[in-house]
Amino acid sequence: MTRSVRLPRGTRIDADLLGALVHWQAVAVLQDEVDPMTTELVRLRCARHHDCHT
Amino acid sequence: MAEATDIAETSQVLQQVLADRPDVHRHLSDAWTAAPGAVDARLLSLCSARIATLLGGPADDAFPLDDVTPSQLTSWPTSDVFDDTDRACLAFTEQFVIDVASLDDATANAVVDHLGADGFGNFVNALLVAEQRQRLRLIWDRLEVTP
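Heads up: the sequence lines are chains E and D, in that order.
Yeah, the first sequence ends on 54 if you go by the working numbering, and it's all consecutive.
Yeah, the second sequence ends on 147 if you go by the working numbering, and it's all consecutive.
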């Protein structure tokens, strides 16, 4: 696991793509028909993706 | 990279499975529509094709690649079809797909060297879209939920 900062302050991210990703992820997590086991597996996968330890 | 025509296109699979969730499909569609505008379209197609190979799925119709053969792509470290930017991004793509949390600085910095910081950020976001499309498609194929 590396914790180096890879995007310097001031990096400009394409607003259309970033906005679309934010909306896509927001609407995806609002889906409530996934069983608890799958939900937990996805949560753990996302935590690893984001190097999150919660 | 040509695909057999009897395999459903990924876009078609996503649309069918998400037919009852049009808001989800619309936002995912917005993301893959925006992706080629944020990075070099050929580069994204190249990396999308590599993702398909690594995951064992069909090439994604959203990011078509016409000028590279599968064997050339498999031998990207040595094939003269690719330049240094291609190789840096393909190396990043491989680590991204195999174990994203273990991506090392050298591999990431190689992409920054070629695309710049802005380009690197956009490339990673676009790569995420390409990977998510293919993983969703593969999961739904295996669960046989595709209509």
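No lab work stands behind these hints, which were simulated from the structure alone.
These numbers come from a predicted model, not from an experiment.
Just to be clear, a hint being listed does not mean it is correct.
Derived Cβ-Cβ restraints for the label pairs, each shown as a range [claimed, not checked]:
#1 E:R9 - D:Q15: 32 to 42 Å
#2 E:E40 - D:E9: 43 to 53 Å
#3 D:D67 - E:E33: 26 to 36 Å
#4 E:A26 - D:S79: 39 to 49 Å
#5 D:I98 - E:L7: 17 to 27 Å
#6 D:I139 - E:D32: 10 to 20 Å
C-beta: ideal position from N, C-alpha, C; glycine also.
Taking the hints in turn, this is what the structure says about them:
{"no.": "1", "hint": "E:R9 - D:Q15: 32 to 42 Å", "result": "holds, 39 Å"}
{"no.": "2", "hint": "E:E40 - D:E9: 43 to 53 Å", "result": "violated, 32 Å"}
{"no.": "3", "hint": "D:D67 - E:E33: 26 to 36 Å", "result": "violated, 42 Å"}
{"no.": "4", "hint": "E:A26 - D:S79: 39 to 49 Å", "result": "holds, 40 Å"}
{"no.": "5", "hint": "D:I98 - E:L7: 17 to 27 Å", "result": "holds, 22 Å"}
{"no.": "6", "hint": "D:I139 - E:D32: 10 to 20 Å", "result": "holds, 18 Å"}
Hint check: violations occur at hints 2 and 3; the rest are consistent with the structure.
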